[in-house]
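Positions 1 to 249 (my numbering) are the ones given, in order, by the sequence shown.
Just to be clear, a hint being listed does not mean it is correct.
[Said to hold, decoys possible] Each computed DSSO-like pair below joins lysine-lysine, with the alpha-carbon atoms no more than 30 Å apart: (1) Lys74 to Lys193; (2) Lys74 to Lys232; (3) Lys193 to Lys50; (4) Lys220 to Lys235.
Just so you know, these hints were derived from the structure itself, not from any lab.
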Amino acid sequence: MINEMDRFLGHPSGGLDGFISSYMERVPFENIDVQNKVPISVELEDIFDKIITRGRGGFCYEMNTLFRYYLNAKGHDAYNVSATVKNPDGWTREGSHMSTLVRSDGLYVADVGFGDLPVKAMPIRPAEEAIVVDDVNGRYRAVEAYDGFEVQKDYGNGFETLYRGGFTPRKTEEFHDNLMYNQQHPDSIFVRKLLITMPKSYGRVSMSENNLTITKDGKKEKFEVDSGNYRKFLKEHFDLDVEIKRLEK
């Protein structure tokens with residue numbers, strides 16, 4: 001399994017940052033199975049088949065489960081933790097995001113399943129000692145907060161929290177209720193909206209059921225998505241070959 005992942009990821013080198021960038025630049029964050037009402041499996045063999053064998057992507061429970069396994073097999077001390085996402089309307093369902101932390105000379109966020117993070121690890125530090133990670137998509141940092149940490153992004157007026165997480169290792173089965181919620185509940189953003197996104201050398205490409213958005217050098221260009229062009233967009237920008245039922249209507 002590890003040899004196949006190495007080949008799929010282009011035999012990444014350069015330590016933790018190399019593994020993160022190789023993964024994120026090859027595997028899109030996407031919730032197509034949720035949109036198609038295909039049950040999500042978080043069994044390692046099923047995730048491997050979906051992402052590595054069939055060339056798909058996934059959302060946090062799939063992406064960070066597989067990536068944690070890969071990092072540990074490559075000699076890193078990685079584990080998954082629960083986190084809560086902040087959006088313009090407030091905090092989402094408590095603990096519903098799965099993130100990945102790595103212990104080395106300190107503690108690092110190595111989350112490949114969020115959709116808007118740098119392609120590098122973020123060291124967790126006290127706010128006054130925070131290390132800013134500069135990325136083509138913005139400036140990010142991870143800071144100690146309360147009994148855990150916060151992942152933050154600078155939107156131009158200072159850093160804003162993307163999510164807060166804890167330090168306690170969590171097993172995959174501990175996310176079962178949140179996994180069920182995020183693939184079935186009508187209030188889940190993954191049920192309500194199509195979300196596909198991937199970092200690029202020039203910025204980021206994202207797709208919803210309505211628009212394809214290409215961000216280059218901070219400037220956004222949008223293209224309307226419809227039943228006639230979405231398969232072309234999926235292949236061209238995300239290397240995905242899959243039907244999305246809601247766009248076939």
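**Message:** When the structure is checked against the list of hints, which entries are broken? Sort them ascending.
**Reply:** 1 and 2
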